[in-house]
Amino acid sequence: MTTQSTARAAAPTRKVNWSDYASQFGALGVLIVICVVFAIIEPAFVSSVNLFNVLRQVSIYGLLALGMTFVILTGGIDLSIGSLLALAGLVAAAVYKGGTGLLSAGTAGQAQGFGLWAAIGAAIAVGVIGGLLQGLGVSRLKVPPFIVTLGGLTAFRGGALLFSGGQPISTFTDEYKFWGQGMVGPVPVPVIIFLSFAVVAFIVLRYTRFGRRVYAVGGNPEAARLSGLNVKNITLSVYVITGFFAGLSGFLLSSRLNSAEQVAGVGYELTVIAGVVIGGTSLFGGEGGIFGTVVGILLIGVLSNGLTLMNVSPYYQQILVGLIIVFAVYLDQLIKRRR
Amino acid sequence: MDKHSALLWMENVSKSFPGVQALENVNLYVNSGEVLGLIGQNGAGKSTLMKILSGVYTIDSGELYFGGQPLRIHNPHHAQEIGISIIYQELNLMPNLSVMENIFVGREPGPPFFVSRRRLEQQTRAILDRMHMRLRPTALVRSLSVAEQQMVEIAKAISRDVRVLIMDEPTSALSETEVETLFEIIGELKRSGVAVIFISHRLEEVLYICDRVTVLRDGKNAGDVLVKDATRDDLIRMMVGRSLEQFFHRDAHLEAVAAGGADVILEVQEIVRIGTPVNPAAVVLDHVSFNLRRGEILGLAGLVGAGRTELVRTIFGADRRSGGRILVDGRPVDIRSPVDAIRLGIGLVPEDRKAQGLILGLAVRVNMTLAHLDQLSRADFVQLGAERRLVEEYIQRFEIRTPSMEQRVVNLSGGNQQKVVIAKWLMLNPKILIMDEPTRGIDVGAKSEIYELMHRLATQGISIIMISSEFPELIAMCDRIVCLAEGRVTGEVARAEASLETLMHYCTLRQQIVITEGTVSL
Numbered sequence: 001m002t003t004q005s006t007a008r009a010a011a012p013t014r015k016v017n018w019s020d021y022a023s024q025f026g027a028l029g030v031l032i033v034i035c036v037v038f039a040i041i042e043p044a045f046v047s048s049v050n051l052f053n054v055l056r057q058v059s060i061y062g063l064l065a066l067g068m069t070f071v072i073l074t075g076g077i078d079l080s081i082g083s084l085l086a087l088a089g090l091v092a093a094a095v096y097k098g099g100t101g102l103l104s105a106g107t108a109g110q111a112q113g114f115g116l117w118a119a120i121g122a123a124i125a126v127g128v129i130g131g132l133l134q135g136l137g138v139s140r141l142k143v144p145p146f147i148v149t150l151g152g153l154t155a156f157r158g159g160a161l162l163f164s165g166g167q168p169i170s171t172f173t174d175e176y177k178f179w180g181q182g183m184v185g186p187v188p189v190p191v192i193i194f195l196s197f198a199v200v201a202f203i204v205l206r207y208t209r210f211g212r213r214v215y216a217v218g219g220n221p222e223a224a225r226l227s228g229l230n231v232k233n234i235t236l237s238v239y240v241i242t243g244f245f246a247g248l249s250g251f252l253l254s255s256r257l258n259s260a261e262q263v264a265g266v267g268y269e270l271t272v273i274a275g276v277v278i279g280g281t282s283l284f285g286g287e288g289g290i291f292g293t294v295v296g297i298l299l300i301g302v303l304s305n306g307l308t309l310m311n312v313s314p315y316y317q318q319i320l321v322g323l324i325i326v327f328a329v330y331l332d333q334l335i336k337r338r339r
Numbered sequence: 001m002d003k004h005s006a007l008l009w010m011e012n013v014s015k016s017f018p019g020v021q022a023l024e025n026v027n028l029y030v031n032s033g034e035v036l037g038l039i040g041q042n043g044a045g046k047s048t049l050m051k052i053l054s055g056v057y058t059i060d061s062g063e064l065y066f067g068g069q070p071l072r073i074h075n076p077h078h079a080q081e082i083g084i085s086i087i088y089q090e091l092n093l094m095p096n097l098s099v100m101e102n103i104f105v106g107r108e109p110g111p112p113f114f115v116s117r118r119r120l121e122q123q124t125r126a127i128l129d130r131m132h133m134r135l136r137p138t139a140l141v142r143s144l145s146v147a148e149q150q151m152v153e154i155a156k157a158i159s160r161d162v163r164v165l166i167m168d169e170p171t172s173a174l175s176e177t178e179v180e181t182l183f184e185i186i187g188e189l190k191r192s193g194v195a196v197i198f199i200s201h202r203l204e205e206v207l208y209i210c211d212r213v214t215v216l217r218d219g220k221n222a223g224d225v226l227v228k229d230a231t232r233d234d235l236i237r238m239m240v241g242r243s244l245e246q247f248f249h250r251d252a253h254l255e256a257v258a259a260g261g262a263d264v265i266l267e268v269q270e271i272v273r274i275g276t277p278v279n280p281a282a283v284v285l286d287h288v289s290f291n292l293r294r295g296e297i298l299g300l301a302g303l304v305g306a307g308r309t310e311l312v313r314t315i316f317g318a319d320r321r322s323g324g325r326i327l328v329d330g331r332p333v334d335i336r337s338p339v340d341a342i343r344l345g346i347g348l349v350p351e352d353r354k355a356q357g358l359i360l361g362l363a364v365r366v367n368m369t370l371a372h373l374d375q376l377s378r379a380d381f382v383q384l385g386a387e388r389r390l391v392e393e394y395i396q397r398f399e400i401r402t403p404s405m406e407q408r409v410v411n412l413s414g415g416n417q418q419k420v421v422i423a424k425w426l427m428l429n430p431k432i433l434i435m436d437e438p439t440r441g442i443d444v445g446a447k448s449e450i451y452e453l454m455h456r457l458a459t460q461g462i463s464i465i466m467i468s469s470e471f472p473e474l475i476a477m478c479d480r481i482v483c484l485a486e487g488r489v490t491g492e493v494a495r496a497e498a499s500l501e502t503l504m505h506y507c508t509l510r511q512q513i514v515i516t517e518g519t520v521s522l
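Note that the protein sequences, when read in sequence, are chains A and B. Under the working numbering, the first residue of the first sequence is numbered 1, with each subsequent residue one higher. Under the working numbering, the first residue of the second sequence is numbered 1, with each subsequent residue one higher.
Among the hints, erroneous ones may be present.
With a Cα cut of at most 20 Å, we get these calculated EDC-like pairs of lysine to aspartate or glutamate [said to hold, decoys possible]: (1) K220(B) with E24(B); (2) K232(A) with D319(B); (3) K232(A) with D340(B); (4) K447(B) with E406(B); (5) K232(A) with D380(B); (6) K354(B) with D380(B); (7) K447(B) with D218(B); (8) K232(A) with D374(B); (9) K142(A) with E42(A); (10) K142(A) with D319(B); (11) K190(B) with D168(B); (12) K354(B) with E222(A).
Computed beta-carbon distance windows for the label pairs [claimed, not checked]: (13) K142(A) with F17(B): 34 to 44 Å; (14) R325(B) with V143(A): 29 to 39 Å; (15) R320(B) with S259(A): 45 to 55 Å.
Which chain A residues face chain B? A few, computed with CB under 7 Å, are given here [claimed, not checked]: (16) Y207; (17) T208; (18) R209; (19) G219; (20) N220; (21) P221; (22) E222; (23) A223; (24) L226; (25) S227; (26) E287; (27) G289; (28) G322.
These are calculated hints, taken from the structure and not from any lab test. Quantities reported herein were computed from a predicted structural model and do not represent experimental measurements. Where is the CB? At the ideal position from N, CA and C, for every residue including glycine.
With the hints as constraints, model all of the structure from the sequences given.
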């Protein structure tokens, strides 16, 4: 190939950098090792039922993590997703039942509202609008993303409480529950949704102009701007994307739990950020990707599932996940320093 | 004068950095109560020398004497302890603390763990009164003007019993009356026996305030004269030297350009820009006008702070302008962002390749096509095959040395990184390419490749605006050179008349010289 001939004629430069890939595949290695260890200690872990169970457990976190990957790749952060999810779930339930929480109490199992698709659409609309507002705050008002979405974390939770009047909206029809609880063959529906969107997000980041620009903005916003990229709009759009996933997840969680609750999703943002970071996406932006995020989220899910099977207290699990987050990022920095 | 009687004596001081001999056997001395001017072109070694004195760098070889005793400066803190203080152009104050807290930071009077505000205020007032500085000790630093903040820095140095005070371009951000006040303070310092080293591009001021001038050129001594024996022209001659380095010389110029008959492609009229992050009232660009012809290489010459980079960033839409018009092909255009500039066929190779030109963590391929994605995409999908072919073509054409197009640009040498930036713009077939310090920090071989490339582009009819701090480079490359000083156009030099002396003359020219003899008592 011509590239190689150029290289040979040239001054000695470095060959392929395997360490370039380490941050993406490092987490995969850890995941495989953990799976093997669990399989040896607890054979029940590898049953297909249990594996799909793990996938189902992580699918909501996973969807949120897909959006979070976009935001973190631009060097931002979104702390509001858990609250936005709760608000979107309540709106979906209310639309489906044809009234807000208080009005709809007791109309169990009857669809008198605006139908399933309206409910899903409403949840996503709530998420997108919430994301849009925050994106405007970050890109136009220049308030740091941490602050804007910290505001969102509080405000959307308040919105959820206000909207529901403090009451959950529960018990839906099968049509509604199917999306969170149903199966297609042996595969849980949320898993199908998660994996489908993961593929889409992967393709967008890797093969589209928009994906390219997300990396560029995160890698060096000034260079991106001087290359004619509309940094403001790209920044805005990633918050809309997290909002979209928060909205969709809000609906799915209400379906899975057969109840939309104002306390849904509390603390999800931290688990999701942990998954993205363990997967090798740099909090400084410009590096990482969907593949790593899926692995990172699976790692958290597998760890918690395996340890539960082994009857390890959930308290220990939290400590372990905490240590893994720090260790994963330390490992990542170590690799980069070598490079 | 010898090493035992001078207050500070530096002898045969050398300092090198990877690939650069920054200082070579430099001698410098200063006496108590003397104001020494230190001048030289950009990159002459002034900053390196000052950083050695302030303890930031250590010397490779040479000797330092302070008060007749051999001296080693270990670190900036040590330099301050022995009485050498430096006031940088970028002031180092804590904006949210008061004047007195800034002056005595880390040395506040009072019992352990406590501060006596009364004593703090008294001690501050004593210093301010002695120096005739009209400042309130309790005023917050962020509420002060740049000139007043500079006074705080001086007061801080005095509070540490300064014996040698180095001031780096202290007048660059000051108004004329503020300069006079500063000179009065320097007079005070002089009377109290402090040695002042005054670094400035403003030769009039150097000739006015200094007793003696030391000139550096290319990291070596280029002269040491008493001000009473020197003229402005003498100083300029010493700064530029006589030798013109052998650069790549453009021989074949477009005839139309040489004759001055080529179409004017870009007209810049009365561009004004006011305000820097530090000083919202500062005049950065003051009614700058020039034009650029098709196939011409136009140089922008100026010393640090002349406004060259600010000018091109304003034209490119990277920074807002406060006034003025830009015409492309004779039509007025409204450039509000780089997107607008790019649409009009203007590209910018920025001054700081790593911070502004490249996304270091991404591949050569991604960096090169970043501005070209619209043309390479179908329905938002980047056509990877076409992209690879295009990148491969440019890697070949510019002989970019990289193991593959997937290499992260951070691993490339400076020259190859610069070629990636240039390739990014050439993919767009620009009409105008602005190159800000295109050869800074790259080795000699890569430099001449870039010169050749620029020459080739100009012959193809692309117009180039070239900024360089190296005058010989401008003289060798440009058809015409516009000189800037302090945000104003001070002269335009045609290729035939370009010499180091004329450029230096225009670049050190202030429009009005208002310091009149006798207004300041020394």
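(request) Identify whether the interface hint at A223(A) stands, where standing means a beta carbon of chain B within less than 7 Å of its own. (result) holds (5 Å)
(request) With a cut-off of 7 Å on the beta carbons, see whether G322(A) makes it to chain B. (result) violated (28 Å)
(message) So, as I understand it, the hint says G219(A) touches chain B; can you test that by seeing if any CB pair is closer than 7 Å?
(response) Holds: closest Cβ of chain B sits about 4 Å from G219(A), inside 7 Å.
(request) Let me know if the C-beta of Y207(A) comes in closer than 7 Å to any C-beta of chain B, holds or violated. (result) holds (6 Å)
(message) So if I understand the rule, the pair passes when the alpha-carbon distance is 20 Å or less; does K232(A) with D319(B) pass?
(response) Status holds; Cα separation ~15 Å.
(request) Against chain B, run the beta carbon of N220(A) and see if the smallest gap drops under 7 Å. (result) holds (4 Å)
(message) Against the 20 Å threshold, does the CA-CA distance of K447(B) and E406(B) hold or violate the hint?
(response) violated (24 Å)
(request) Please verify that hint: L226(A), Cβ, nearest Cβ of chain B, below 7 Å or not. (result) holds (5 Å)
(request) Closer than 7 Å between Cβ atoms is the bar; does R209(A) clear it against chain B? Give me holds or violated. (result) holds (4 Å)
(request) Verify the proposed pairing of K232(A) with D380(B), using a straight-line Cα cut of 20 Å. (result) holds (19 Å)
(message) Looking only at beta-carbon atoms, does the pair K142(A), F17(B) fall within the given range of 34 to 44 Å?
(response) holds (37 Å)
(message) Using the nearest Cβ pair, does E287(A) come within less than 7 Å of chain B?
(response) Hint on E287(A): holds, closest Cβ of chain B at ~6 Å, below 7 Å.
When held up to the earlier numbered hints, the structure conflicts with 4, 6, 9, 21, 27 and 28 and fits the remainder.
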